[in-house]
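So you can see what is in the structure, the chains are spelled out below.
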Amino acid sequence: MRLVRPDLHLLAGAYAVDAIDDESERVRFEHHLRRCQQCTDEVRGMAATTTRLGFAASAPPPPQLRDHVLAAVSRSRQLPPVVDHSSAPSEPRPSRMPRLAWAAMAASLAVIVVLTTVLVRTQGELNNTKAREARVNVVLAAPDARVVTRATSAGGTATAVYSLARHALVVASAKLPPPPNGKVYELWLLGPPRVRAAGLLPAARHGHTAPVLVAGLASGDQLGLTIEPTGGSSRPTTAPIVVLPLRV
Amino acid sequence: MDAHGTRPADAGPGLPEGAGQDLDRLLGRVARGDERAFASVYDQLAGPVYGLIRRVVRDPAQSEEVAQEVLLEVWRNATRFDPAKGSAATWVMTIAHRRAVDRVRSATAAAEREKRTSVLLAIGDDVAEAVEASLERERVRRCLDSLTELQRESITLAYYGGYSYREVAGLLGITLGTIKTRIRDGLIRLRDCMGVT
Numbered sequence: 012m013r014l015v016r017p018d019l020h021l022l023a024g025a026y027a028v029d030a031i032d033d034e035s036e037r038v039r040f041e042h043h044l045r046r047c048q049q050c051t052d053e054v055r056g057m058a059a060t061t062t063r064l065g066f067a068a069s070a071p072p073p074p075q076l077r078d079h080v081l082a083a084v085s086r087s088r089q090l091p092p093v094v095d096h097s098s099a100p101s102e103p104r105p106s107r108m109p110r111l112a113w114a115a116m117a118a119s120l121a122v123i124v125v126l127t128t129v130l131v132r133t134q135g136e137l138n139n140t141k142a143r144e145a146r147v148n149v150v151l152a153a154p155d156a157r158v159v160t161r162a163t164s165a166g167g168t169a170t171a172v173y174s175l176a177r178h179a180l181v182v183a184s185a186k187l188p189p190p191p192n193g194k195v196y197e198l199w200l201l202g203p204p205r206v207r208a209a210g211l212l213p214a215a216r217h218g219h220t221a222p223v224l225v226a227g228l229a230s231g232d233q234l235g236l237t238i239e240p241t242g243g244s245s246r247p248t249t250a251p252i253v254v255l256p257l258r259v
Numbered sequence: 002m003d004a005h006g007t008r009p010a011d012a013g014p015g016l017p018e019g020a021g022q023d024l025d026r027l028l029g030r031v032a033r034g035d036e037r038a039f040a041s042v043y044d045q046l047a048g049p050v051y052g053l054i055r056r057v058v059r060d061p062a063q064s065e066e067v068a069q070e071v072l073l074e075v076w077r078n079a080t081r082f083d084p085a086k087g088s089a090a091t092w093v094m095t096i097a098h099r100r101a102v103d104r105v106r107s108a109t110a111a112a113e114r115e116k117r118t119s120v121l122l123a124i125g126d127d128v129a130e131a132v133e134a135s136l137e138r139e140r141v142r143r144c145l146d147s148l149t150e151l152q153r154e155s156i157t158l159a160y161y162g163g164y165s166y167r168e169v170a171g172l173l174g175i176t177l178g179t180i181k182t183r184i185r186d187g188l189i190r191l192r193d194c195m196g197v198t
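Taken in sequence, the protein lines are chains A and B.
Quick note on my numbering: the first sequence kicks off at 12 and runs consecutively.
Quick note on my numbering: the second sequence kicks off at 2 and runs consecutively.
Just chain A, with the same shape it has in the complex (with noise of 0.2 Å):
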């Protein structure tokens, strides 16, 4: 055996199957793998032959998430294509936190066209929402941007988007039918040490509502949303219609 690290080789198995889950043994293996062609050549067998035992799993999707995955891709842009600088290597795994902002990140981006899309209507109204958008991209642009979207008990869902670095979230919903007559829908930070009024949903627009910032987010909130009203409490007086849970 000519190989330099043999130990190394031995982990083609593991790789193929994503067994290792200590970062820097992975990102060694990979550095490997790019010089090693045999071992690249064993990966890709073993890749094609877990990809069987993957199929052999094959159940049917919830019949939702057709509409759901079609409806968000008609929504979000592709990334472009990666040109070849002849000798660059192999496209290495990210490491797991970037994937994950990565998610969050493209998520944040269909949100931020349904939201986009949802906005700017009179000339005078451009400039507010100019602000706004820049305030909203602030969040949505974060490293540690997160998403969540939940169902509500009224119908409809909200969804928001939560940055723990930048103190803030944006919170739109859709389909939430309009509020009773002489009511509104009011947010909450509701946090460990007490609840905090956040502000007014807006009216919706086509099935949409525009995007509020709420700032003073700390660890631990959740974000909760009443039906208050008109004019808004200063603490809620009815039990939430939805909870989102902002995760760190």
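Keep in mind that a hint or two might mislead.
Label-pair ranges, simulated between beta-carbon atoms [what the hints assert, rightly or not]: (1) Asp-193/B - Pro-92/A: 32 to 40 Å; (2) Gly-29/B - Ser-244/A: 50 to 58 Å; (3) Thr-249/A - Leu-172/B: 46 to 54 Å.
With the C-beta cut set under 10 Å, the calculated list includes, among others, these residues of chain A facing chain B [to be verified]: (4) Thr-62; (5) Ser-87; (6) Leu-211.
Rather than coming from a laboratory, the hints here were simulated on the basis of the structure.
Even for Gly, the Cβ is constructed at its ideal location relative to N, Cα and C.
Got chain A sorted already, so can you dock chain B onto it with the hints?
Okay, now just chain B, sitting in the frame of chain A:
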């Protein structure tokens, strides 16, 4: 089959003959922004993607979430799919497995993981069930049966169970060196049995 002197690309494992190449072509169209091509890819791969994620993640709601992320990632990253490195099916299923594993590793604290260990006892049945659900069931089952028990258990726990090789070694009470070898030897044997080139 040997294209341009490199090793042949995988011929769409787990798919009917010819479908693999169709998928590769479809993904090429997806890379150019063709949503209808993506719908066809969805129809062919959503079942395997969702089923595999279910097997690893187990919770239906979370599995659906992960499946949606994966399929959206396929759309967004289709521009980066390189057929020279493997088939479209393998590319998609690799993403699905990684995402599923990411989900169980990040979401499960040690306690949660222990709870799942009890479920492990039933995993043999699960795999049998899963295998039954598939068109390929006979072949995959025969190939899994051709492994030693230790190889089969190691691969099953790592792939379907989403465990790291260290965890699998702990569960099976064997050394790290042994587990690495068993997973690798088992996969090589499976590969040869399935006729994957």
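Task: List of violated hint numbers, smallest to largest - done: Number 6 only.
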